[in-house]
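Visitor: Protein sequences, first through last, are from chains A and B.
Numbering-wise (this note's numbering), the first sequence opens with residue 1 and increments by one.
Numbering-wise (this note's numbering), the second sequence opens with residue 1001 and increments by one.
No lab work stands behind these hints: they were computed from the structure.
A portion of the hints provided could be inaccurate.
What the hints assert, rightly or not - DEER-style ranges, computed between Cβ atoms:
{"hint": "1", "chain 1": "B", "residue 1": "1151", "chain 2": "A", "residue 2": "219", "range": "49 to 55 Å"}
{"hint": "2", "chain 1": "B", "residue 1": "1260", "chain 2": "A", "residue 2": "220", "range": "39 to 45 Å"}
{"hint": "3", "chain 1": "B", "residue 1": "1236", "chain 2": "A", "residue 2": "68", "range": "33 to 39 Å"}
{"hint": "4", "chain 1": "B", "residue 1": "1283", "chain 2": "A", "residue 2": "296", "range": "49 to 55 Å"}
{"hint": "5", "chain 1": "B", "residue 1": "1264", "chain 2": "A", "residue 2": "188", "range": "32 to 38 Å"}
{"hint": "6", "chain 1": "B", "residue 1": "1107", "chain 2": "A", "residue 2": "355", "range": "42 to 48 Å"}
{"hint": "7", "chain 1": "A", "residue 1": "226", "chain 2": "B", "residue 2": "1110", "range": "34 to 40 Å"}
{"hint": "8", "chain 1": "B", "residue 1": "1110", "chain 2": "A", "residue 2": "190", "range": "40 to 46 Å"}
{"hint": "9", "chain 1": "A", "residue 1": "51", "chain 2": "B", "residue 2": "1110", "range": "43 to 49 Å"}
{"hint": "10", "chain 1": "A", "residue 1": "408", "chain 2": "B", "residue 2": "1236", "range": "23 to 29 Å"}
All figures in this text were calculated on a predicted structure; none of them were measured in a lab.
Yeah, the Cβ is synthetic: ideal placement off N, Cα and C, and Gly gets one too.
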Amino acid sequence: MNRIGKASSALMAGVAVLALAGCGSAADSDAIPGASGTQSAADLKCGLGNGNKATGAPIKVAAIATESGGVDFSSSPKSAKAYFDCVNDNGGINGRPIQYAIGDDALDPTKTAQLAAGYAADTSVVAMVGDATFVGCQQANSEYKKANLYSITGVGVPQACFQSSNIAPVNAGPRTSALATLQYFERKGEASKFFAAGLKTVGNGDWVSAGINAYAAEKGIELVGNVLSDPAESNWLPLISQIASSKATSLVIADPAPIAASILQAAEQQDAKGEIRWACTASCYDAQFGQQIGSYWNGFIANSELQLVNAADGKDLNQWRAVMAKYAAKGAPRDTFSQAGYLAGKIFVDTLLKISDPSTINRETVSKALVGITGYASDLLCAPWYYGEADEHHANHATRMAQVKDGKWVSLEDCQDVDDPETDNIKAAEQSQGLLKPSA
Amino acid sequence: MNLLPFVVAGLVIGSVYALSGVGVLVLYRTTGVLNFAHGAIGGLAAMLAWQFIENGLPASAAIALCVTIGAAVSLVFGVVAGPYLGRIDELRKAVATLGFSLALLGLMLYLWNDKARRLLLPTSLTGFSVGNGEAHARVNLTQLICLTLAIVVVTGAALALRYTAIGTAMRALASDRELAAVLGTSVRLVENAAWAVSGAIAGISGVLVADQTRLEPAFLTFLVIPELAAVVVGRFRSLGMTMVAGLVIGLVQSLVSSQPSITAFSTAVPFVIATVVILAGTRRRTVTIGVVRA
């Protein structure tokens, strides 16, 4: 190697070291900012909680999540895995450990379909738990349906995740989250002129926007803007000037957190906050978002689809925090999606533990048990969760509101049921079929 | 409607296009490589700047470090891949940089999660208002720096190419690589200098544009497309034209986005302008006669 070659290799190595050193503390999400609960050893009694390692024949469970490709939703299966590890250290499913596989669909629906077909064909996979695919609910559902396979999905985002027969998300989804925000402002008398901003994405942004339109029309709320931007947009001035000239009293941004943050930055540079009450859907309810937006946005509001991550004691909340501390990687996010994955895992384990003879656990018995889940209560949720046999699943439709105070999220309003014309049928079925009551 | 903020934003983003375009052009003229990784290098510099600032480094030091890293990354690619790139045609050279670009993007997505982050330079907090009444806009220091830097870099590059030894060597390589080598120009040295300079320009552009728009790896990586449009309008030769093209593209893009009826087409502006210029250019075709060698 010549001199230049040697020098540049040394330089490259230096750059690599610097880059990695820089990132060492990047994902320091181990600590939950402002967490006030207390954890004890009892929190780690997952499942049977007997402290014995499960050694029987493994029970295969899988998840499909979008981990690479620009969007990372792996927080949900990562926490489900941590919980399953805890369960396996505590007697497993009546002695049988859970063997958990996570497939990354890389933001490619074709890949989701391939992964789903693979898990569906492997009949030893008894269920899908903690999934979080950003793109492939529709494709996955058609495979699951053919194979009598059911998913307790951790995080669903597009419409298809909530309108599938074999997929039931634990989270509430962007449409419910946006409507929750609108209804919060309505309760506070601040929604006389409402503005909604979202992204032009098929089956997602348009679905959220249609929900806002429908609700505003029903309640006679003056919608002074319902704007969908190009996901590749770089110039937020048009949006900001539209917001400023709309004379809105309150607004919701229904965008992924990085985009919401760039909109806020552009608004700050124009000093365009004005008298408007600014808010965002649950995508912004994230510790890093609170820290990043800066003091200009003190008081910024976001919806949260599950219990606030830093809330005081709660049985499941404490267990989630303890499980993440002991079993998850240091850098694994401690966010709502992580709670959702944990909860999906817990619902699954609690359901399987009711099958008294573990040797009878197979896809058929598990699918029957999952569909039969009703009235599953948790302090992470606002209302009981259920599965049920239906072509749409949207059990989580009650959420909480939070606000940024000095870079940290604090509670603004506790559980409120969200009114969405689209979930009227679901709510009627909850009552008529008794889905909110725990099964015997 | 108050168009002044759009004019300001357009000129600012346009000046970053111009700045980047000049970086791409200097490299292309010297080495024949059309660098598709220019945006990704800028993205890496911006992400690292954010990281260093988060870790407590003062913004000025972080930026200086990241511009150096941009230059270093670009130089290393030039040193490692340069000898091979020198032997293949231009299309394959460009494709090679596309590969480099995707590798850098992959590295960024691996190193940083997809959560919200923003690069707010201290200079963005100092600003003033221009205009009055209905027609007013806020201008901050970063925006002024963008404009000034573009002018300084373009002028500096033009002067350096004309009056410095290495500039003369770069021009020699651009006009005839082999002849220049025969006449004793150190081809590798000059090419490496071009890679480093281009990388440094990519680094500073990345940091500035991340402050003004979005700090996301994929977004910054693909910002190379409008930057290349400016180079196309400059016909791959003129620094001045590239500068003007960058400013015009940014300005038109911003003004188009201000009109609700056509705002959806603003991302198409760079391509429309580049296409129009190419079509108009072919009407007056100049015949160039190259040196034919056996």
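Visitor: State for each hint whether it applies.
Guide: Here is how each hint holds up against the structure:
1. For residue 1151 of chain B paired with residue 219 of chain A, a C-beta distance near 54 Å keeps the hint of 49 to 55 Å intact.
2. The hinted window of 39 to 45 Å between residue 1260 of chain B and residue 220 of chain A is violated, with their beta carbons roughly 25 Å apart.
3. For residue 1236 of chain B paired with residue 68 of chain A, a C-beta distance near 35 Å keeps the hint of 33 to 39 Å intact.
4. Evaluation of the 49 to 55 Å hint for residue 1283 of chain B and residue 296 of chain A yields a pass: the beta carbon distance comes to about 52 Å.
5. With their beta carbons about 34 Å apart, residue 1264 of chain B and residue 188 of chain A fall inside the hinted range of 32 to 38 Å.
6. The hinted window of 42 to 48 Å between residue 1107 of chain B and residue 355 of chain A holds, with their beta carbons roughly 46 Å apart.
7. Restraint check, residue 226 of chain A to residue 1110 of chain B: a C-beta distance of roughly 37 Å satisfies the suggested window 34 to 40 Å.
8. The given range of 40 to 46 Å is respected by residue 1110 of chain B and residue 190 of chain A, whose C-beta atoms sit roughly 42 Å from each other.
9. Against the hinted window of 43 to 49 Å, the Cβ-Cβ separation of residue 51 of chain A and residue 1110 of chain B comes to about 37 Å, which falls outside the hint.
10. Distance hint check: the CB atoms of residue 408 of chain A and residue 1236 of chain B are about 52 Å apart, inconsistent with the given range 23 to 29 Å.
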